[in-house]
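Colleague: Here is how the chains run, residue by residue.
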Amino acid sequence: MASELKIVNGRVYDPSNNIDGKVQDICVKDGKIVDSVSSTATKIDAHGMVVMPGAVDIHCHIAGPKVNLARKLQPEDHRHDPHPSTEHTRSGSGGVVPSTFATGYRYATLGYTTAFDAAVPPIAARHVLEELDDTPVIDKGYYAVLGNNIFLQQLIKEGRKEEFKEAVSWWVNASKAYTAKIVNAGGDEPWKGKKNSNVHDIDEKSDVFDISPRDIISAFIDAAEELGFPHPPHVHCNNLGHSGNYKTTIETMKTAGDRRLHIAHIQFHSYAGKLGENPLSAGREIVEYVNAHSNITCDVGQVMFGKSTIMTADAPSAHMTQMYTHSKWINADTENESGCGIAPYNYQEHVYTNALQWAIGLEIFLLSKDPWRIVFSTDSPNGASFMSYPKLVKLLMDKGFRDEEISRVNQKAMNKSILRELDREYTLNEIAIITRAGPAKCLGLKNKGHLGIGADADITIYTEEDDKEAMFNAPRYVIKSGHTVIADHEFVTDYYGKTLHIKPEYDPAIENSLRPFFDDYYSMRFNNYAVSDDYLHDHEFISMREA
Amino acid sequence: MSDTTATKAPVKAKEENKNIKIVKDATCTFCGCVCDDMELTVDLDQHKITKAKKACVLGRAWFYEHTLDTRPEVLIDGKKASFEEGVEEAANILVDAKFPITYGMSDSTCEAQRVTVDIMDTINGNIDTTTSVCHGPSGMAFQGVGECTSTLGEVKNRADLIIYWGGNPAESHPRHFTRYAVTPKGMFIPNGKKDRTVVLFDVRKTPSTPVADIFVKLKPGKDFEVLWALRALVKGKKISDDIEEQTGVSREMLDDLVDKMKNCQFGVLFFGMGLTMTRGRHFNSGALLSLATDLNEFTHFVAKPVRGHGNVTGADNVVSWQTGYPFGVNFNRGYPRFNPGEFTTTDLLSRGEADAAMIIASDPASNFPKAAIEHMKKIPIISLDTKDTVTSSIAKVRFAVSTYGINTGGTVYRMDDVPIPLRPAFESTYPSDQDVLEAIRERVKEKLKARKAA
Amino acid sequence: MAETMILVPGRSQSQGTSLNEGKLKDEYKKVTSTAELNEKDMKRLKLKDGDKIRLKSDVGQTVVTCKSKKDEDLPSGMIFIPYGPPSSELMASDTAGTGMPLSKHMEVTVTKAR
Chain A
25 MASELKIVNG RVYDPSNNID GKVQDICVKD GKIVDSVSST ATKIDAHGMV
75 VMPGAVDIHC HIAGPKVNLA RKLQPEDHRH DPHPSTEHTR SGSGGVVPST
125 FATGYRYATL GYTTAFDAAV PPIAARHVLE ELDDTPVIDK GYYAVLGNNI
175 FLQQLIKEGR KEEFKEAVSW WVNASKAYTA KIVNAGGDEP WKGKKNSNVH
225 DIDEKSDVFD ISPRDIISAF IDAAEELGFP HPPHVHCNNL GHSGNYKTTI
275 ETMKTAGDRR LHIAHIQFHS YAGKLGENPL SAGREIVEYV NAHSNITCDV
325 GQVMFGKSTI MTADAPSAHM TQMYTHSKWI NADTENESGC GIAPYNYQEH
375 VYTNALQWAI GLEIFLLSKD PWRIVFSTDS PNGASFMSYP KLVKLLMDKG
425 FRDEEISRVN QKAMNKSILR ELDREYTLNE IAIITRAGPA KCLGLKNKGH
475 LGIGADADIT IYTEEDDKEA MFNAPRYVIK SGHTVIADHE FVTDYYGKTL
525 HIKPEYDPAI ENSLRPFFDD YYSMRFNNYA VSDDYLHDHE FISMREA
Chain Y
33 MSDTTATKAP VKAKEENKNI KIVKDATCTF CGCVCDDMEL TVDLDQHKIT
83 KAKKACVLGR AWFYEHTLDT RPEVLIDGKK ASFEEGVEEA ANILVDAKFP
133 ITYGMSDSTC EAQRVTVDIM DTINGNIDTT TSVCHGPSGM AFQGVGECTS
183 TLGEVKNRAD LIIYWGGNPA ESHPRHFTRY AVTPKGMFIP NGKKDRTVVL
233 FDVRKTPSTP VADIFVKLKP GKDFEVLWAL RALVKGKKIS DDIEEQTGVS
283 REMLDDLVDK MKNCQFGVLF FGMGLTMTRG RHFNSGALLS LATDLNEFTH
333 FVAKPVRGHG NVTGADNVVS WQTGYPFGVN FNRGYPRFNP GEFTTTDLLS
383 RGEADAAMII ASDPASNFPK AAIEHMKKIP IISLDTKDTV TSSIAKVRFA
433 VSTYGINTGG TVYRMDDVPI PLRPAFESTY PSDQDVLEAI RERVKEKLKA
483 RKAA
Chain G
161 MAETMILVPG RSQSQGTSLN EGKLKDEYKK VTSTAELNEK DMKRLKLKDG
211 DKIRLKSDVG QTVVTCKSKK DEDLPSGMIF IPYGPPSSEL MASDTAGTGM
261 PLSKHMEVTV TKAR
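Protein chains in written order, with the working numbering: chain A, 25 to 571; chain Y, 33 to 486; chain G, 161 to 274.
Just so you know, these hints were derived from the structure itself, not from any lab.
Some clues are possibly wrong.
In silico DSS-like links for lysine-lysine, alpha-carbon gap of 30 Å or less [what the hints assert, rightly or not]: (1) Y:LYS294 with A:LYS229; (2) Y:LYS402 with G:LYS212; (3) Y:LYS249 with G:LYS216; (4) G:LYS230 with Y:LYS254; (5) Y:LYS217 with A:LYS218; (6) G:LYS272 with Y:LYS251; (7) A:LYS352 with Y:LYS292.
Kindly generate the complete structure, drawing on both the sequences and the hints.
Modeller: If you want it as structure tokens, here you go:
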């Protein structure tokens, strides 16, 4: 593999560097974008093609214990979608929860070069890191589920703020995670300890810990701010899926004040209407809040019709799905750290709620005033598999196509949505923002999502086509860290990307508080809990924000 | 690979100038409990573990008996050979076979398991683990109905009703009661066993029976009927009047159990191979998993198979993440296919389909059905094991390998899917199975490339 | 006199400890070829501890040593034996499409071996 590469004649979309469709050359040396290369560099003639940075998935579920349970659960979904090996690549199984190899290769075939798994309890850190090591092509990382961590909740309850910060930092370090994830704050204890009940109000105090979801969320925002996390707490709000939950979402965002906060799959938290009745859209209310508050970032969590799999640390919400579908169901409790629910699901065009969910996600995209902060996701595979991303791009870019799709779905739902009135069509530049530059910026990844000098040479080259779904479905070339992995639509080599993680500082004295808790309430030894660097394989730690 | 950040420098004790090392928080990989609180005293001169504090009787045997032996590293047709010759012969067998299979892996690290799947993917072979004759039927039931489950720490912290069904942990998983489930005090179980009710279902009295507050003796092969009756009663449905006659369990007993199950705070159903290996197999496991799921309408209830060998749970996880399926996976068509009964080892051997087999860390020749063992004697076998076994004694190529957790590091998954690191005690003169498998993989790939070029 | 009984192979502690010594060692062989029978059954079959019995299934037969268990511990009509080569000898290979042979509920006939 030559270490120098020059992509010539391509139309470049690089929003971070204000390049919007200009024909210019991109030079690559030793895995990075450089100013110029020697005349012997390998050339790719990208005439008639669109050149973008590799895409970045800020929120998906691709590896770790819950993903593997969901994989094992659904042989019927793999069976119809085998992923054969090639001369260069491993075999696997597809479906909405593909095997690790299929996941990496399929992300690459959509032009994605980085993805983050959104929720893994830290006790399973070794598991997710081993799976990520078997996930080819892409760079990858994960968020550690800490929001229902019992030790941390005790510190919040006792007002031990400084120790809380140290403990969060210790946990992120010990698990090699990228940020703290909060899922249905305060909901695990009633679920596990009070016969499958849940917390419903952001200010409802837990009778075990005497703190509210708001107290928990606020404590994490403070800690991440002080520690300088490149990506703020990644929050899955309370009341996911319930009619009327948008008020909880807005209250959650208000909790942040002017501090940084990321709201995950916000579509699932944008429902108006009365609890227990059919939802109505609160897409507009939610977007208006986000538009007006530059400290907030979010990913949409778009729903697409067809097979999905609900998999979440929010065990009560998965149970709600199961009560509705009567499908097979997994509930898996992780000691002191998390809950987990998994249920196969199918979003259907003719179902009012599903059609409305689809419309709300699109409303959020189309009403967004800042594509840098309202970024692309389907919460794969919760809203839909990542394999549906190209179709979502087409829905955003092509009003005619969108109208056709609108005419095919539940009309009662469409009458409750303003979707028909929204004429906006995303430009290629805006697509490059919501799939590349925006998520990279939200994540604090300075070397990703753009093609400026010094950036990682993660590059996607598409043949320009009118049908944007077809275009984004099959990049002509994919270059990962300077290696041409896909050329003329075919894999020409195998490649394994890096694990991305952070190393916030902490005072080792916090271990004196943690150790007795582990001795009493964990089933594994404290000394065996923290993960060694051996599990990182090829990795890069992303530096903290300057104070 | 060991956990460098968490490992303390080995403490050397001065004891008659002996070269002694203490390894704290070492992990025992004998059974699926994967206890990680061992304190090992290692005599580095004698290359043996002389003391294993906290270990149960099985754990002590595991640690004390895995010493360095004098077996040749490689035997081909019973004759001593070099490592390279062994690898060459093994690679030839695998590449020449039309239907090569691999089996075992439950006493290997995940790192070795990953290499094994790669080899089978490369040669379009068949991969199966000891799961297929252990909780394979539970895996099938899981695919049908799902599972409400938890890590063992939740049981320790919360479970006030603990039911064992078709298992004898006192003899198979001795510390299950004391470290995880029955006696330990937990966050919401301040008084340990006093705060819990323990029920045990079995067809016979075993050394586990005394731990139970309630022992339910059922007729052999009637597990499904009892489970289904419990499901019906939980849902308020009628059951047949002659239930006691059919199953050996009285209606009064069933009513009392249903009452306890619906009214506990956090219930758990642990189940053993008494369900999977007997009449009904995956239907039994499915009925039990469904019972636990049904009970979540009333309270919090979980179920958990009590898995056997040290890393059989890791094998399930690795094979699942790499192929999408947990065991019985076939690559003949260049992609994974799953079909228990077709691609499971007992069937492939009994039907005489496999024409070569690589057996890793297991001994099917001593516990498979007779017909399967007869076929094993007719085909070339590659065996990797820490001890001589019936299987290794009929192998064409036999590798002696070091022992995971005693000589080598790596990752092992406890029965509740929690990954645990290993802290090796002393070095072995033998390579690890991972070393052997990596060498075989390399030779296999070279041979295939050469064939393609030719 | 031959009688049909249900053979339930399983794990035992001594089977577990002896396999660590080695499966080709005498202790493991001894453990896995000792079957437990109900005391009343043994009396009826005129067997005493240490006697050899022949177990026979549709696929094979094996000779093992017998040992009595109290009536309340092991039901009449049931035989327990730790897993090992002797139990394999009797095991049928049909897995009913599961991969799992019926290894805990095997119909066998019992006779005193001479």
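Colleague: If a hint holds in the structure, say so; if it doesn't, say that too.
Modeller: Outcome of the hint check:
| no. | hint | result |
| --- | --- | --- |
| 1 | Y:LYS294 with A:LYS229 | 27 Å, holds |
| 2 | Y:LYS402 with G:LYS212 | 21 Å, holds |
| 3 | Y:LYS249 with G:LYS216 | 27 Å, holds |
| 4 | G:LYS230 with Y:LYS254 | 22 Å, holds |
| 5 | Y:LYS217 with A:LYS218 | 19 Å, holds |
| 6 | G:LYS272 with Y:LYS251 | 26 Å, holds |
| 7 | A:LYS352 with Y:LYS292 | 25 Å, holds |
Against the hints set out earlier in the document, no violation occurs for any number.
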